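*Asks:* Chain residues, written in single-letter form:
2 protein chains.
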Amino acid sequence: MSILVMKFGGTSVATTDRIRRAAKRVAREVANGHDVIVIVSAMAGETNKLVGYVNDIAPFYDAREYDAVVSSGENVTAGLMALQLQEMEIPARSWQGWQVPLLTTSAHGAARIEDVPTHNILQKFAEGMKVAVIAGFQGISPEGRITTLGRGGSDTSAVAFAAAFDAVRCDIYTDVDGVYTTDPRICARTRRLDRIAFEEMLELASLGAKVLQTRSVELAMRYNVKLRVLSSFEDGEGETTTGTLVCAEEDIVESNVVAGVAFSRDEAKMTLISVADRPGIAAAIFGPLSEAGVNVDMIVQNIAEGGRTDMTFSCPVDQVKRAERAMNEAKAAGGIDFHDLIADTEVAKVSVVGIGMRSHAGVAATMFKALAAENVNIKVITTSEIKISVLIDRKYMELAVQALHDAFGLDRAA
Amino acid sequence: MSILVMKFGGTSVATTDRIRRAAKRVAREVANGHDVIVIVSAMAGETNKLVGYVNDIAPFYDAREYDAVVSSGENVTAGLMALQLQEMEIPARSWQGWQVPLLTTSAHGAARIEDVPTHNILQKFAEGMKVAVIAGFQGISPEGRITTLGRGGSDTSAVAFAAAFDAVRCDIYTDVDGVYTTDPRICARTRRLDRIAFEEMLELASLGAKVLQTRSVELAMRYNVKLRVLSSFEDGEGETTTGTLVCAEEDIVESNVVAGVAFSRDEAKMTLISVADRPGIAAAIFGPLSEAGVNVDMIVQNIAEGGRTDMTFSCPVDQVKRAERAMNEAKAAGGIDFHDLIADTEVAKVSVVGIGMRSHAGVAATMFKALAAENVNIKVITTSEIKISVLIDRKYMELAVQALHDAFGLDRAA
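From first to last, the protein sequence lines stand for chains C and U.
If you read the first sequence in our numbering, its first letter stands for residue 1, the second for the next number, and so on.
If you read the second sequence in our numbering, its first letter stands for residue 1, the second for the next number, and so on.
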């Protein structure tokens with residue numbers, strides 16, 4: 001018995017007609033001899049509607065009730081998908097998170113999966129059931145309350161099931177047909193990657209490529225789950241050759257030095273001017289920011305002069321107010337001393353990612369030269385082993401992405 | 001500690017603003033010193049939308065999946081109501097059916113409540129929680145699947161909780177401000193009843209008055225739960241004197257002989273012409289109808305002549321095709337023999353109901369005289385101890401309701 005996990009995102013189950021088309025794909029895999037675990041998201045728009053209700057009623061909500069409300073969309077799709085499969089004479093039933101039960105931590109709104117017991121579902125497969133349809137995005141806490149895994153969490157549900165059931169593959173059906181060298185809406189010459197390494201996908205996902213939830217890639221990497229991203233909107237033959245396979249580095253024979261260009265529009269750059277420098281000052285700054293729920297991304301500390309230094313960091317633009325409050329409170333409490341706090345809310349982050357960087361020198365030089373040729377000024381730079389990111393003025397973002405896509409020859413396969 | 005149960009129907013929680021208004025009523029009862037159990041329906045229109053999805057995908061659906069889908073609307077409202085109460089600084093949390101757990105039979109789509117364990121909720125009340133918000137309409141089967149209690153089932157949830165927790169009262173908030181002598185849309189002189197006996201309410205509910213689910217009244221009668229029907233759309237003072245109290249007969253000091261006039265528009269009259277009469281023929285007819293899911297209401301058998309008889313019964317108009325198929329199949333199988341089957345789909349049922357009938361003669365005579373005076377022809381008559389029902393041409397229905405309302409003086413209190 002080989003188990004295949006198939007996950008359908010919100011646009012792939014947006015209407016009963018789309019659910020029907022998704023079910024046909026499932027039927028094809030059943031015909032191929034698989035027992036299938038289907039993970040479904042809520043119908044497109046439903047979760048946003050529910051989040052809207054919650055925010056309307058309680059902007060500072062109890063996350064346990066938030067989870068109880070926003071998880072309901074997946075339950076609807078799971079039941080409908082099971083019904084559709086039954087209509088096609090395929091033995092199927094639905095499971096809600098608490099029925100599996102998919103056990104998570106109590107971190108409501110962003111719970112982590114602790115265990116996916118396989119007994120119940122394996123027994124049904126043994127009894128002749130062909131498809132288990134699972135409401136994605138949701139689980140149950142040790143206290144018996146419903147939890148959710150964060151936006152995009154159905155991807156993580158899918159990978160967790162693939163790992164727990166030792167699935168042959170985890171197919172993520174979405175509204176794009178794979179992972180591209182960059183966003184086709186920004187760059188006309190973009191190209192779909194046949195394969196991409198977990199590490200690269202992880203960087204791309206963290207950097208704002210919305211195709212997969214970051215945690216799902218982490219999990220796939222840890223358990224070596226073969227993850228395939230493909231479109232539920234195509235209906236061609238030979239479909240198994242399409243899409244992008246996210247896999248271990250050793251499964252990729254040849255690749256470009258740079259796999260893709262990622263970007264994130266909604267960044268802000270904040271600079272603490274003339275901070276009194278002392279050992280522990282970084283902790284004194286970033287402790288309060290973390291407690292205030294500010295997701296600090298890039299950090300740059302300028303050379304200190306006369307015992308004072310400038311500290312620059314970036315964060316999502318909608319967290320600027322929160323960051324300012326945290327810094328001013330820390331200053332008032334005497335934890336830090338600075339002259340001024342300047343927020344630049346008109347910046348974007350552009351990154352190049354590729355495992356080939358490990359063995360190729362000169363990637364940074366090529367990147368900076370390409371940006372300089374377009375007169376794009378770089379405000380902040382950070383690097384990792386397989387990534388270089390820069391903050392630039394937001395108005396140059398598209399120009400920068402196109403220039404880098406050309407500079408690294410991403411329109412051509414390796 | 002006194003526990004009050006408050007149930008809010010779909011129109012009373014149709015928007016976040018309505019939920020806010022309902023929460024204010026709850027807050028008032030908390031201020032009055034009650035611990036409150038709130039039962040909520042889905043936001044108006046939601047359940048119909050979900051039922052529509054199911055019918056679109058699978059007209060002959062698996063009732064277990066149907067229940068999983070259509071129960072989700074109540075989960076949304078329960079979470080939102082808990083959040084709204086918390087916003088008003090009232091300690092509250094939501095429970096879904098399986099969390100209580102509200103235990104039911106496995107009769108999906110129309111499950112019966114087996115038990116409402118009180119331990120979890122009482123413990124939270126003891127810890128300081130003031131309001132338990134329960135998703136109505138739903139429970140959990142012995143197999144761990146979600147069940148629903150049938151349309152309008154949140155009323156039954158509410159009464160079951162009131163019985164289990166020995167509540168001082170069960171207030172049903174809806175879009176009308178009580179139980180009327182008849183439907184105000186049909187008769188201008190209708191009057192709200194201050195009190196009505198369980199038995200009367202039961203007949204009215206069965207007869208098509210949509211204000212309460214029939215089973216909820218049965219349950220209230222069995223456990224002597226004081227049931228109050230009142231509007232969530234009024235905001236006046238002295239509200240506790242409004243609405244209609246559904247209570248035991250002995251709590252009603254004086255009442256009219258007839259409490260109300262009920263009607264049901266969507267009836268059909270079916271007549272089997274010249275049925276071969278023999279012992280057991282009724283079972284041979286109504287057995288197959290029952291198996292086909294036809295809800296037979298009135299039954300009349302004419303005097304047999306020459307070993308043959310005419311058998312007339314009524315059923316909801318949308319079950320006529322099913323009834324015809326069942327009868328023709330039974331005929332083909334040799335179970336019954338008849339010459340013809342005639343369906344009259346243009347009939348309506350009008351009934352007068354009142355516990356006073358037990359002690360007052362002449363109610364039937366008054367009824368028939370009033371209808372005759374308006375030239376309304378009676379097609380079928382059935383009676384019970386506290387009710388007389390007639391089938392008439394549908395086009396005379398409103399006329400008949402008004403004539404009976406006048407004839408029994410229902411515009412005046414006893």
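In short, the hints are calculated from the structure, not lab data.
Just so we're clear, the structure is a prediction, and the values are computed from it rather than from any experiment.
Among the clues, some could well be false.
Quick list of in silico lysine-lysine cross-link-like pairs, DSS-like style, CA-CA up to 25 Å [said to hold, decoys possible]:
#1 U:Lys49 / C:Lys49
#2 U:Lys130 / U:Lys24
#3 C:Lys49 / U:Lys321
#4 C:Lys369 / C:Lys379
#5 U:Lys321 / U:Lys331
#6 C:Lys369 / C:Lys395
#7 C:Lys24 / U:Lys49
*Asks:* Are the hints correct? Go through all of them and say.
*Replies:* Verification of the hints:
{"no.": "1", "hint": "U:Lys49 / C:Lys49", "in the structure": "holds, 15 Å"}
{"no.": "2", "hint": "U:Lys130 / U:Lys24", "in the structure": "holds, 14 Å"}
{"no.": "3", "hint": "C:Lys49 / U:Lys321", "in the structure": "violated, 40 Å"}
{"no.": "4", "hint": "C:Lys369 / C:Lys379", "in the structure": "holds, 15 Å"}
{"no.": "5", "hint": "U:Lys321 / U:Lys331", "in the structure": "holds, 15 Å"}
{"no.": "6", "hint": "C:Lys369 / C:Lys395", "in the structure": "holds, 19 Å"}
{"no.": "7", "hint": "C:Lys24 / U:Lys49", "in the structure": "holds, 24 Å"}
This entry does not satisfy hint 3, going by the numbered hints stated previously; all others are met.
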